[in-house]
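Asks: Please build the complex by placing chain X on the supplied structure of chain L, with the hints as guidance.
Each protein sequence line maps, in turn, to chains L and X.
The letter at position 191 of the first sequence is residue 191 when you use full-length UniProt numbering, and the numbering goes up by one with no holes.
The letter at position 3 of the second sequence is residue 3 when you use full-length UniProt numbering, and the numbering goes up by one with no holes.
Be aware that a few hints might be false.
What the hints assert, rightly or not - Computed footprint of chain X on chain L; a stretch qualifies when at least three of its residues, placed anywhere within it, have a C-beta under 8 Å from a C-beta of chain X:
no., stretch
1, 123-131
2, 147-155
3, 248-254
Think of the hints as simulated: they come from the structure by calculation, not from any bench.
In this text, all values refer to a predicted model and were calculated from it rather than measured experimentally.
All C-beta atoms in this analysis are idealised placements derived from N, C-alpha and C, irrespective of residue type, glycine included.
This is what each chain is made of:
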Amino acid sequence: MAIVAAAFGGARNEVGHPFRDVAIVGVFNTKQARVLEGYDSQSIALEAALGAIADAGLEPRDIDGVVGGIASNFLYQSRIGPAWRSMSPLGIPAVIEGAMAIACGLANTVLIATGEAGSYRQHASTAPWTRPTNEFVAAYGMFTAAEFALMARRHMHMYGTTPESMAHVAATIRNNGHVNPQAVYFGRGPFTADDVLNSRMVADPFHLLDCAMTSEGGTALVLTHADRAGDLAKTPVHLLGGGTDHYGPSYQHPPVWDLGGVRRPDLIAGHVGRRAAEEAFASAGLGPSDVDVCEFYDPFSFELIRQFEAYGFCAEGEGGDYVMSGVIEPGGRHPITTDGGTMSFSHGGASVQLFQRVIRGVQQLRGECVSSQVANAEVAMCTGGGAGALFTDVLLLGKDRP
Amino acid sequence: MSLLSPQVGDIPLPDPGPISAPYWQGCREGVLRFQRCLDCGAPTHTPALLCAACASMNLEWVDSSGRGEIYSWTRVWRPVTPAFVTPYVPIIVTMDEGWSILSNLVGCEDVAVAIGQLVEVEFHHSGGPDDIWLPYFHPKG
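The shape of chain L in the complex, shown without the other chains (with noise of 0.2 Å):
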């Protein structure tokens, strides 16, 4: 976005906003598992693809870019080659970048696929992709689940932020996912805060409830150049505007609240998504309380609050208070994470997740949600990543072209 910005940036009044020859028009979840047998993550990926193609109402011909290494093997096997192609993994960016090469006119169609499966049967261990290999953190125990309670508890130490926020938060989303058919915990609830803060302790301040769970899935996306969409089947969803923010590798350097960076020392990892969200707000003309669905990553639960406060839907420090005043749930002002997410929806491998949130926004502005259908949902906020991993990324999806 940053890139997509600085070129158009300065002239945006003449040539207009830089997505708005851009339209998601497909999206698709395989079937989501604890266990997926019979697959492995090459063939739940090509299913997905499959799947978002033709819930486009397209052919696998009509593809001309890809994005993420196993898209590539889509690529391959349909012999659809010649293709823009990149390697771009994880979530919006990789969205984006999609965007962007539409917009820039290196391809006309873009499938972004991914899938995992097989991959994690040990569990004895937590998950691999939870506990990257670094000198500095592995000998001391660490994995995402630490990562994020560092954050969490420094923010409990400096606002008085309580474990009954963080369950309420865990709570409404996992009762999002006992409503959903689709969800892997679909009709495990429903959950109060109490049965979350009794549940076994994980990571001081998480619990077992305040935590993603690990499964397996493949997810797909096609866009295409707006002009067409709207001759396919779907109602196109647009991108309103994005924004990524990084501050360096996830799990290699101590998750501290207050890193700051020389360029805005006003920035802090804890507040990080912030630049982000402020971006795409600029780009859409559009503020946190235009925002009719909150599809917010959810690794933990704590990272809810802090994301209501990063993104300027709460002043700081008040992000606990915020998710206790009715907003949140079904029915609320700013819903969150509706189909259930990691939490209970799924959290299919390394990268799949990171997809989701935006899956699912699509899916709102579309109204097709099978639960938590948020009634007239015009705008989605779609995000990924959480302070505990020093980046967050952020999307805002519409349903009027920009």
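Replies: Chain X in isolation, oriented as in the chain L frame:
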């Protein structure tokens, strides 16, 4: 409650590289080292090629006092691998010289941890092919 101790199982040990070798050599000698910029004086950790404050490549290795205070903590009950004995307590320590380090708290009960607790480094011989001595921290004062 349980007394926190250095891990003695088959945990993943550091594989020092050319940039970090002086750090791990210091640990072998019982000294916690960090990098300081010869141009602007700012401290840097983890071992780097550039100063975190001014991007100078003019860094020197300096001995730390080994003392600091706990900046944040967590207490882990679900071990990352079965080699880790639980509970263990990952901490971020703000060192007296103004840099941050990730470690584990030892030498006290697991329930005694708190932000602001003063701590001091100690070294545990973990061995392995690189003869690693891991820095841990215990309460001090």
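Asks: Each hint needs a verdict: does it hold in this structure or not?
Replies: These are the hints, each one checked on the structure:
Coverage of the stretch 123-131 of chain L by chain X holds in this model, with 5 residues showing a Cβ closer than 8 Å to a Cβ of that chain against a need of three. Counting residues of the stretch 147-155 of chain L whose beta carbon lies closer than 8 Å to any beta carbon of chain X gives 5, which reaches the threshold of three, so the coverage claim holds. Using a Cβ-Cβ cut-off of 8 Å, 3 residues of the stretch 248-254 of chain L lie near chain X, which meets the minimum of three, so the contact claim holds.
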